[in-house]
Amino acid sequence: MPAESLRWETLDALKNSPKGKLKYNPDWLEKGEDILSGCSETPSLSPLSGLILKRLSGRPLQKTRSLSSPTRDTSPGLSEEGAALSSSLPTSPHQALLSPASPRATSPLTLSSPPLPAGSQQADDKPEEEDEPAEEADLSPVANPTPPPAISLMSPKATQVAGFIRICEEKHRAKAKAELNRRVELQERLVATVAGLESEQLKRFEELAELKQRQEFQSMRDMLDKEAQESLGRQEKLKEEHQKRIKILNLRLREAEQQRMREAEAERQRQADGRERLRALNAVQEEVLQLHQLLEPANALDHAAIITRGNQLCSQVSEVVRTTAEGEFPSVEDMALVERALEEMRSLVRELQQQVAQEQERVRREQQQEEERLKQAEEQARQEQEKKNAAAAAREKAKKQGLQASAEESTLRWFKELQEAANQCAQSFEDLNTTKDMQKKKVRMELQKAATIPVSQISSVSGSKLKEVFEKIDKLLSGRPVVSGGKSVSTSLHPHGLEFVSYKLAEKFVKQGEEEVASHHEAAFPIAVVASGVWELHPRVGDLILAHLHKKCPYAVPYYPPMKDGTSIEDYQRILGYRVEDSGVEAQDSFLKRMSGMIRLYAAIIQLRWPYTNKSGPSPHGLNHGWRWLAQMLNMEPLADITATLLFDFLEVCGHALLKQYQGQFWKLIFLIKDDYFPRIEAVTSTGQMGSVMRLKQFLENALRTKQIHPPKGQLVSSFWRT
Numbered sequence: 088m089p090a091e092s093l094r095w096e097t098l099d100a101l102k103n104s105p106k107g108k109l110k111y112n113p114d115w116l117e118k119g120e121d122i123l124s125g126c127s128e129t130p131s132l133s134p135l136s137g138l139i140l141k142r143l144s145g146r147p148l149q150k151t152r153s154l155s156s157p158t159r160d161t162s163p164g165l166s167e168e169g170a171a172l173s174s175s176l177p178t179s180p181h182q183a184l185l186s187p188a189s190p191r192a193t194s195p196l197t198l199s200s201p202p203l204p205a206g207s208q209q210a211d212d213k214p215e216e217e218d219e220p221a222e223e224a225d226l227s228p229v230a231n232p233t234p235p236p237a238i239s240l241m242s243p244k245a246t247q248v249a250g251f252i253r254i255c256e257e258k259h260r261a262k263a264k265a266e267l268n269r270r271v272e273l274q275e276r277l278v279a280t281v282a283g284l285e286s287e288q289l290k291r292f293e294e295l296a297e298l299k300q301r302q303e304f305q306s307m308r309d310m311l312d313k314e315a316q317e318s319l320g321r322q323e324k325l326k327e328e329h330q331k332r333i334k335i336l337n338l339r340l341r342e343a344e345q346q347r348m349r350e351a352e353a354e355r356q357r358q359a360d361g362r363e364r365l366r367a368l369n370a371v372q373e374e375v376l377q378l379h380q381l382l383e384p385a386n387a388l389d390h391a392a393i394i395t396r397g398n399q400l401c402s403q404v405s406e407v408v409r410t411t412a413e414g415e416f417p418s419v420e421d422m423a424l425v426e427r428a429l430e431e432m433r434s435l436v437r438e439l440q441q442q443v444a445q446e447q448e449r450v451r452r453e454q455q456q457e458e459e460r461l462k463q464a465e466e467q468a469r470q471e472q473e474k475k476n477a478a479a480a481a482r483e484k485a486k487k488q489g490l491q492a493s494a495e496e497s498t499l500r501w502f503k504e505l506q507e508a509a510n511q512c513a514q515s516f517e518d519l520n521t522t523k524d525m526q527k528k529k530v531r532m533e534l535q536k537a538a539t540i541p542v543s544q545i546s547s548v549s550g551s552k553l554k555e556v557f558e559k560i561d562k563l564l565s566g567r568p569v570v571s572g573g574k575s576v577s578t579s580l581h582p583h584g585l586e587f588v589s590y591k592l593a594e595k596f597v598k599q600g601e602e603e604v605a606s607h608h609e610a611a612f613p614i615a616v617v618a619s620g621v622w623e624l625h626p627r628v629g630d631l632i633l634a635h636l637h638k639k640c641p642y643a644v645p646y647y648p649p650m651k652d653g654t655s656i657e658d659y660q661r662i663l664g665y666r667v668e669d670s671g672v673e674a675q676d677s678f679l680k681r682m683s684g685m686i687r688l689y690a691a692i693i694q695l696r697w698p699y700t701n702k703s704g705p706s707p708h709g710l711n712h713g714w715r716w717l718a719q720m721l722n723m724e725p726l727a728d729i730t731a732t733l734l735f736d737f738l739e740v741c742g743h744a745l746l747k748q749y750q751g752q753f754w755k756l757i758f759l760i761k762d763d764y765f766p767r768i769e770a771v772t773s774t775g776q777m778g779s780v781m782r783l784k785q786f787l788e789n790a791l792r793t794k795q796i797h798p799p800k801g802q803l804v805s806s807f808w809r810t
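To convert, note that position 622 of the sequence shown is 709 in the numbering used here; the numbers rise steadily by one, no gaps.
Heads up, some of the hints might be wrong.
Stated by the list, open to error - Below, computed lysine to any residue pairings styled on SDA-like, alpha-carbon distance capped at 20 Å: (1) Lys702 - Gln440; (2) Lys680 - Gly775; (3) Lys299 - Leu311; (4) Lys680 - Ile729; (5) Lys562 - Asn701; (6) Lys536 - Arg500; (7) Lys747 - Asn701; (8) Lys747 - His712; (9) Lys761 - Thr793; (10) Lys503 - Asn701; (11) Lys528 - Val569; (12) Lys784 - Ser805; (13) Lys702 - Pro798; (14) Lys639 - Gln802; (15) Lys559 - Gly664; (16) Lys529 - Ser579.
Because the hints were derived from the structure by calculation, they are not lab data.
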C-alpha cells in the first residue's frame, strides 16, 4: 500500500503541527488537571492535507479545487473516497477529523498540483513562528472572501490516516500514562524511602538527645561530687586554721599576761625608784640649803655674782621639789639637774672660800708688799745682775754638761696621774665593753654614736653650726637626753654612761687631731675651740683629753720614754707613738704627720676659749701650759727629726698668742732657740732629715727679721661667730 511508505512523513508533519508541540507537565497530577486537556480541541486538517491526499490517491489532480467548493468532481474515484471517508469518520470531537460543526471545517483547503506555489511554502513555515497559525491563516492560493460550504472527505486513505493518527495518539497517551504511573510509583517509593530515613534519623536524634542527657547528668553528678570534696577540704582547712588561730590567741594571751606582769613589775620598780629619787632629792635640797648659808660672807657686794648664782640654783632645786609635791616622782632628768646644781653649788662654795682666802691673802700681801717695796727697789738692780750672771752661767754649764735626757719629776708625776685617772675611768665601764647582753650592747652603741658623731661634724662652715654641735655635746655630758640617729639617748641609760661618754668623747677629740688636723691644719681651730669649751664646763673630759693625747703622743708632755729591760722593740715603738701592725712599723713620714696634727691641736686648745662661756677667770688649760711645754722642750736634749717638727708646728700655731701674752720674755726664748738650741738640733739631724730643720730655721729668721709672728692660717675671727 502506498500509504505505508508515507506514514513517517505524516507523523513528522503531525509532530510539527500545533497539537504535536504540546508539552507534558509532571505537575498536572498534583494540580488535578487532565493530562490530555491540550488535546480536547477539535482536530483539523493541516494546510498540507491536500498534498497528502493527492499522493495517497495515486492520481494526479488536473485542476486545483477547493475541498469546500460546491462543484463536485466528476471523478468517480474521488467521489467514492470522499463518501467513504465521510461515512467512516466518527462523530465525536476527539475522533472526527473534519466536521461541519467545527470551526476549522469551514476553513478552505486548497489542493494544488505540484509544484506548489510559493504561498504554500510560506504557509508551511509560518506555524513554527506563530502560536496558532492553523486557526487564523488561510493557505489557499485563491482568495475567497466568502468561505464555501465544507465537504466531507470519506475516502479510505483519509480514514486510514485518521486511524494512524488515533493509533499514534493512543500510543502517546499509553506512553504518557505509563510514564505517569512510573513516576507516581517512583514518587511513592521516594516518599517511603524519605519517611524511613526520617524515622531512622528521628531515632538517631532521640538516641543522641538521650546520650547528651546522660552525659549532662553524669557531669552534673561529677561536679556535685567534686564540690562536695572541695567543701570537705575547705572545712578541713578552716578547721586547721581555726586550731592555729586558737594556738596563736593562746600564745598572745600568755604573752599579754606576761607583758602585763612585766609592766606591773616595771611599775613597782618605777615606784621604788621614784621613792628612792624622792629621798635623794630631799637630801640634795637639804645640802643645797646648807651650802647656800655658806654663801653669805661679811662683804656680800664683792661676791654678788656667786650669791646670785647660788640663789638661782636653789630656785632650780625648789622648782623640782615643787613638782614632786603634786604627787609625782622626780624623773632621772630632774635628778641629774639637781645633782648638777648641787655640784655647782659646791663649786660656788669652794670658789667663794677661795676668793675669801685670796682676799685675805691679798690684804696680807699688800701689807707685806708695802713693807718690802723699798727693799725690792734696792735689790732690783742687784737681782738683774745676778740673773744675767746666772743665765750666762747656765748657758756655759749647758754647753759643758749638756741638757736633760728626760722630763722633770713633777711633769712625770702629772703624766702618770692623768694616765691612772684614764685607766680608772675605763675600768668603771668595763662591764659595758665586755657585756654579751644585747640590750647593753645596743645602749653602748647608741652612747658611742651620740658621743663621737657630733665631734665628726665639727667644721669651720659657720659659728651657728659649731654652737649646735657644742650644745649637743654639753647636753649629753650634763645628763640630758639628746637625739642621735632618730633616737633619744641619755647617759642615764647606764649607771656608768657618763664615764663611758666622757672617755669616748676625749678619745674622739684626740683622734680628730691625729687624722683630720694632720691632713688639714686649719681644722685644728674649730675642733680646739669646742674641746676648750667642753674642758671648761666638764674638767674631767679635759683631763681625759690630755691623757689620750699623752698616750698617743708622749712628746706633748713633753716626755721621751726610755726603753726598759724586757720590753720588745714593737712594744717600745708603740710607747713612742708609732703604729705597729702585722705588716710592720709605719713609715717615718706618716708618724711625723700624726704627731704634727696632735701637737697643732694641743697648741690651738691652750690659746682658745669658748666665746659663750659664763665662767670668769683663767682658762683651765691656757697659755701658761704652752710656756711650760716650750720650756720643758728646750731643757731636754733634741731628738732627730721629731724635735724640729714639733717646735715648728707649735710655734706656727701658738707663737702669735705667746708673743702677745709674754712679749719680751718670749723674744728671749726665741733668741735662745735660735742661738743655743738650734745648733743642737742640727748636730743630731742627718742629711736626709733636714726638711723640718730648714722649716724651723726659716720661721725663726722671719720672726727675728720682722720682729713679729703672724697669726696662723684658719684662726677663727669674731665675724665667724655671726654666721
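Each hint tested on the structure:
The hinted pair formed by Lys702 and Gln440 meets the criterion: a straight-line CA distance of about 17 Å does not exceed 20 Å. Between Lys680 and Gly775 the CA atoms are separated by roughly 17 Å; this keeps the pair inside 20 Å, and the hint holds. For the given pair, Lys299 sits about 18 Å from Leu311 by alpha-carbon distance, which is consistent with the 20 Å threshold. Between Lys680 and Ile729, the direct Cα distance comes to roughly 10 Å. Compliance with the 20 Å bound is thereby established for this hinted pair.
Taking the CA atoms of Lys562 and Asn701, the gap is near 16 Å; set against the 20 Å cutoff, the hint holds. Under the criterion of a C-alpha separation no larger than 20 Å, the hint pairing Lys536 with Arg500 is inconsistent with the structure, at around 34 Å. Taken as a hint, the Lys747 and Asn701 pair is broken in the structure, with Cα atoms around 24 Å apart against an allowance of 20 Å. Of the supplied pair hints, the one linking Lys747 and His712 holds, its CA atoms being roughly 15 Å apart against a limit of 20 Å.
Between Lys761 and Thr793 the alpha-carbon distance is near 15 Å, which keeps this suggested pair within the 20 Å criterion. For the hint linking Lys503 to Asn701, the alpha-carbon distance of about 32 Å lies beyond 20 Å, and the restraint is violated. At most 20 Å may separate the alpha-carbon atoms for a hinted pair to count; Lys528 and Val569 meet this at roughly 19 Å. Only pairs whose Cα atoms come within 20 Å are accepted, and Lys784 paired with Ser805 is rejected, the gap being roughly 32 Å.
Restraint check for Lys702 and Pro798: not satisfied, since their Cα atoms lie roughly 26 Å apart, outside the 20 Å limit. Pair hint Lys639 plus Gln802 does not hold up; C-alpha atoms about 25 Å apart against a cutoff of 20 Å. At most 20 Å may separate the alpha-carbon atoms for a hinted pair to count; Lys559 and Gly664 exceed this at roughly 32 Å. About 14 Å separates the Cα atoms of Lys529 and Ser579, which keeps this hinted pair within 20 Å; it holds.
Consistency note: the structure conflicts with the earlier hints numbered 6, 7, 10, 12, 13, 14 and 15.
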